[in-house]
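Trainee: Dock chain H against chain V, hints included.
These protein sequence lines are chains V and H, in that order. When you line the first sequence up against my numbering, it's residues 45 to 261, in that order. When you line the second sequence up against my numbering, it's residues 45 to 261, in that order.
Hints listed in this document are in silico derivations from the structure and should not be mistaken for laboratory results. Note that the structure is a prediction, hence the values are computed from the model and not measured. Take these hints with a grain of salt, some might be off.
[Stated by the list, open to error] Partner residues aside, some chain V positions facing chain H, computed with beta carbon under 7 Å: (1) Ala-118; (2) Ser-151; (3) Trp-171; (4) Arg-193.
[Claimed, not checked] Chain H stretches covered by chain V per the calculated footprint, using a threshold of three residues with CB under 8 Å from any CB of chain V: (5) 79-93; (6) 104-113; (7) 141-151; (8) 202-216.
In this text, a Cβ means the ideal position worked out from N, Cα and C, and glycines have one as well.
Number of protein chains: 2
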Amino acid sequence: MTITITAFERSPDGGKGLARDTRVRWALEEVGQPYTVRPLSMQAMKEAAHRCLNPFGQIPTYEEGDLCLFESGAIVFHIAERCAGLLPAEANARSRAIMWMFAALNSVEPAILEIVVVKFAEGDKPWASERMPLVFDRIRQRLRPLSDRLGEAEWLDGAFSAGDLIMVSVLLRLRLSGILDEFPNLAAYVARGEARPAYQRAFVAQLAQATGNPAPV
Amino acid sequence: MTITITAFERSPDGGKGLARDTRVRWALEEVGQPYTVRPLSMQAMKEAAHRCLNPFGQIPTYEEGDLCLFESGAIVFHIAERCAGLLPAEANARSRAIMWMFAALNSVEPAILEIVVVKFAEGDKPWASERMPLVFDRIRQRLRPLSDRLGEAEWLDGAFSAGDLIMVSVLLRLRLSGILDEFPNLAAYVARGEARPAYQRAFVAQLAQATGNPAPV
Chain V
45 MTITITAFER
55 SPDGGKGLAR
65 DTRVRWALEE
75 VGQPYTVRPL
85 SMQAMKEAAH
95 RCLNPFGQIP
105 TYEEGDLCLF
115 ESGAIVFHIA
125 ERCAGLLPAE
135 ANARSRAIMW
145 MFAALNSVEP
155 AILEIVVVKF
165 AEGDKPWASE
175 RMPLVFDRIR
185 QRLRPLSDRL
195 GEAEWLDGAF
205 SAGDLIMVSV
215 LLRLRLSGIL
225 DEFPNLAAYV
235 ARGEARPAYQ
245 RAFVAQLAQA
255 TGNPAPV
Chain H
45 MTITITAFER
55 SPDGGKGLAR
65 DTRVRWALEE
75 VGQPYTVRPL
85 SMQAMKEAAH
95 RCLNPFGQIP
105 TYEEGDLCLF
115 ESGAIVFHIA
125 ERCAGLLPAE
135 ANARSRAIMW
145 MFAALNSVEP
155 AILEIVVVKF
165 AEGDKPWASE
175 RMPLVFDRIR
185 QRLRPLSDRL
195 GEAEWLDGAF
205 SAGDLIMVSV
215 LLRLRLSGIL
225 DEFPNLAAYV
235 ARGEARPAYQ
245 RAFVAQLAQA
255 TGNPAPV
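For reference, chain V alone in the conformation it holds in the complex (with noise of 0.2 Å):
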């Protein structure tokens, strides 16, 4: 079955892995998936052509037969659903790895991502550099937690999970604020999500292809 998944023609941070077909590639790469990529323009990924697939008009996208997906969680539970590699198969252990995608994406990306609003939706705006801190400190509150949940471990619970892949690939956004390193344990938890032969490969696809080098995959 052919996997196509859409990633910007030229993305916005250069190619420094932010943007969230990263992850989907990620995912991909840990199951040995081969897929090929349908890159789209800023002004393509507004068209209705487009918006057919992902009504927010973003990107990724995930097309495998029939089947069209969105959202990058939800494509990542797919992949892991349908492969081996990123679910554990005991049924609670499965059901915790899920609980972790999700706290991911809800309990600590939106956090994260208020600091775009504040540099770029609100860049020019006089209240800019005084929110700046208090975004950081709403982010604090939830690394906090996270950092003493982790610990010392490896991963979140027990082997590298899909939970692992999401959390990783949010915390990753933090590095340029120097944020993470206020918690050396999550920058390392970071690290050794970016040390995977996996991760590297998607990084390196996702990096040529904001270069204008995609190599063939």
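Mentor: Below, chain H without anything else, positioned relative to chain V:
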């Protein structure tokens, strides 16, 4: 198997059904699973005993035998996976229903919860009144494509699913703002969700809790 969930001892919304235990109660009612509620004070939610269940110190949690989950999306998914009635049997339709759960929690709810930041977390800041229209505009940017996608359909993708349950639960919070009425098909969609007997039972149960008269469930 006994199911125990946690909820606010007294919900800060006074029983409007906006606390996240309501969506878990609703899912349990849809599939006909009895449950008991362990109410928690604001203080108890932040203590170590509860943080063992949910590191972020929030409600709801879900206990069933050896399994303990937090994160309302993960709990609703767990219920939907175990019990018939909230996910379609056909594989692709099932994946799309799960996609709508993630979309509600990651692409719609964060924009809506910014209202809480403006009103409460930053309610005393000089920029609060000027920011509110910007937050509302970002909510509209999510509601417009959602409204276009829903069109005149009853539910997001065929029969009522866990995707609709979460999406309606997320949109409910907008009722008081008036924004929902700008998209009559979404307002009608939410009303259809609320009219379901299972939602009604969940709502009555959380209201009784919030007002100090918990009915037996």
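Trainee: For the hint on Ser-151 of chain V, just tell me whether its beta-carbon gets within less than 7 Å of chain H.
Mentor: holds, 6 Å
Trainee: Establish whether the coverage given for the region 141-151 of chain H by chain V is satisfied; the threshold is a Cβ-Cβ distance below 8 Å, and no fewer than three residues must meet it.
Mentor: holds (count 8)
Trainee: Tell me if Arg-193 of chain V is really an interface residue toward chain H, meaning its C-beta lies closer than 7 Å to one of theirs.
Mentor: Status holds, d = 4 Å.
Trainee: Residue count check for the region 104-113 of chain H against chain V: does it reach three with CB-CB under 8 Å?
Mentor: holds (count 3)
Trainee: So, as I understand it, the hint says Trp-171 of chain V touches chain H; can you test that by seeing if any CB pair is closer than 7 Å?
Mentor: holds, 4 Å
Trainee: Quick one: see if chain V covers the region 202-216 of chain H, three-plus residues with Cβ-Cβ under 8 Å.
Mentor: Answer violated; 0 residues pass the 8 Å Cβ test.
Trainee: Test coverage of the region 79-93 of chain H by chain V using CB-CB distances below 8 Å; three residues minimum.
Mentor: Since 0 is below three, the answer is violated.
Trainee: For the restraint on Ala-118 of chain V, tell me whether the closest CB of chain H is nearer than 7 Å.
Mentor: The hint holds - Ala-118 of chain V has a Cβ within 7 Å of chain H, the shortest such distance being about 4 Å.
Going down the numbered hints, you'll see the structure goes against 5 and 8, while the others check out.
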